[in-house]
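Those letters in the sequence shown? Residues 196 to 597, per this note's numbering, in order.
By construction, these hints were calculated from the structure, which means they are not laboratory data. Be aware that one or more of the hints could be misleading.
As the list claims (entries may be wrong) - Once the Cα atoms are required to be at most 30 Å apart in a straight line, the calculated BS3-like pairs of lysine-lysine come out as:
{"id": "1", "residue 1": "LYS436", "residue 2": "LYS495"}
{"id": "2", "residue 1": "LYS555", "residue 2": "LYS395"}
{"id": "3", "residue 1": "LYS359", "residue 2": "LYS574"}
{"id": "4", "residue 1": "LYS433", "residue 2": "LYS239"}
{"id": "5", "residue 1": "LYS359", "residue 2": "LYS395"}
{"id": "6", "residue 1": "LYS536", "residue 2": "LYS463"}
{"id": "7", "residue 1": "LYS436", "residue 2": "LYS422"}
{"id": "8", "residue 1": "LYS472", "residue 2": "LYS421"}
{"id": "9", "residue 1": "LYS245", "residue 2": "LYS574"}
{"id": "10", "residue 1": "LYS421", "residue 2": "LYS395"}
{"id": "11", "residue 1": "LYS537", "residue 2": "LYS463"}
{"id": "12", "residue 1": "LYS548", "residue 2": "LYS379"}
{"id": "13", "residue 1": "LYS537", "residue 2": "LYS574"}
{"id": "14", "residue 1": "LYS379", "residue 2": "LYS395"}
{"id": "15", "residue 1": "LYS574", "residue 2": "LYS269"}
{"id": "16", "residue 1": "LYS421", "residue 2": "LYS574"}
{"id": "17", "residue 1": "LYS239", "residue 2": "LYS555"}
{"id": "18", "residue 1": "LYS239", "residue 2": "LYS495"}
{"id": "19", "residue 1": "LYS239", "residue 2": "LYS395"}
{"id": "20", "residue 1": "LYS548", "residue 2": "LYS403"}
To be verified - Across the chosen pairs, the derived CB separations fall in these ranges:
{"id": "21", "residue 1": "SER577", "residue 2": "ASN525", "range": "55 to 63 Å"}
{"id": "22", "residue 1": "VAL394", "residue 2": "LEU321", "range": "26 to 34 Å"}
{"id": "23", "residue 1": "LYS436", "residue 2": "LYS560", "range": "26 to 34 Å"}
Where a beta carbon is used, it is the ideal one built from N, C-alpha and C, also for glycine.
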Amino acid sequence: MNFNTRTLGNICDEVGGIIRTGPFGSQLHESDYQDEGVPVIMPKNIIDGKVSTEGIARIGDFDVSRLSQHRLQKGDIVYGRRGDIGRRALITEREDGWLCGTGCLRISLGNSVLDPVFLYYYLGQLQVISWIYNKAIGATLPNLNTDIIRSVPITYPPLPTQRKIAAILSAYDDLIENNTRRIKLLEEMAQALYREWFVKFRFPGHEKVRMVESELGMVPEGWDVKKLGDVVELAYGKALKADDRVEGSFPVYGSGGVVGYHNECLVKGPGIIVGRKGNVGSVYWSDYDFFPIDTVYYVKSIIPLPYIYYNLQSQNFINNDAAVPGLNRNQAYMLPFLLPKKDILLNFENFVKDVFRHTKNLRNKNANLRRTRDLLLPKLISGEMDVENIQVRMKNNGSGGA
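Could you put together the complete structure from these sequences and hints?
Here it is, written out as structure tokens:
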């Protein structure tokens with residue numbers, strides 16, 4: 196099979212493509228953003244190779260027209276330019292016509308030489324990410340620019356082979372996305388049950404239970420309102436710098452969630468993690484043994500953990516009077532905590548445990564799919580694994596014109 200090796204810049208010039216940064220800060224101000232309008236993709240919106248619309252900025256028609264050179268097309272690839280410069284997203288039909296925002300960089304090459312999905316996966320190879328990081332400019336944070344992207348060498352087979360490779364790798368991501376949607380639905384189902392039983396008080400047999408006054412308002416008779424510190428211990432995590440971590444299978448939790456992996460755990464799972472510094476009051480559930488670092492607490496309690504997990508998500512941990520943002524444990528211990536009757540708690544735990552078991556299985560499946568995909572990726576793209584005789588179902592991954 197014939198492979199060509201050229202730089203992205205060379206290919207871009209041949210096809211009349213675009214490699215361009217988003218608008219400068221002087222071109223797009225915070226005051227230009229509005230509640231309705233065309234979405235503007237910022238680095239924070241690029242999550243796991245996709246564009247998240249959570250908290251996405253928007254601009255009106257006048258600014259869209261003024262910044263039309265930054266409009267994205269299906270098949271474009273958008274990078275975040277600072278910090279985690281390896282994060283990138285493939286623009287799909289949904290994002291066609293959205294804007295590449297400040298702090299991002301756009302690659303738009305059409306599909307006449309490089310299949311956009313093939314290029315997306317090619318740029319996700321560890322050696323390519325490392326190459327880009329090594330070239331990135333910035334004394335403290337890596338900073339990606341157009342010259343670096345233009346100089347990235349691309350070794351690629353003919354288009355039909357590219358499309359086969361893209362289809363094979365996309366099939367894994369489609370399965371992962373489907374499992375992720377199922378996880379989200381299961382989690383929403385458990386949250387809905389918590390609200391139904393413990394917020395609206397429509398638990399099994401509620402018709403026969405009288406409501407009584409409490410510190411939290413009207414609650415079912417026989418339920419207690421305790422202080423959080425009466426039922427929960429917020430234990431301190433332990434310092435573990437990134438340089439001291441040994442690659443392993445145990446998730447390391449900071450206040451922003453999983454920040455890496457280590458070869459030892461500090462806490463046996465399942466468990467609950469609460470942000471102490473940084474993302475104060477964030478609450479995470481870990482099915483697995485884990486290592487909480489010193490920016491978080493982990494929960495100890497004899498009360499069923501699933502109920503505590505959802506209760507803590509509804510607590511107001513933020514102290515606006517604090518000089519330094521952080522979760523003061525003694526103040527947290529004074530928060531009111533609704534403690535239902537034991538039989539209601541156990542029924543809820545039994546239901547949610549079943550949900551958590553399903554979500555854990557789906558997460559394990561996703562981990563295996565990612566592992567297989569990542570093993571296949573370099574073999575397929577390098578030609579070590581021949582796809583000539585592999586039958587794959589092709590889907591329309593085409594892009595718009597450059």
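Earlier hints that do not hold, by number: 5, 7, 13, 16, 18, 19, 22
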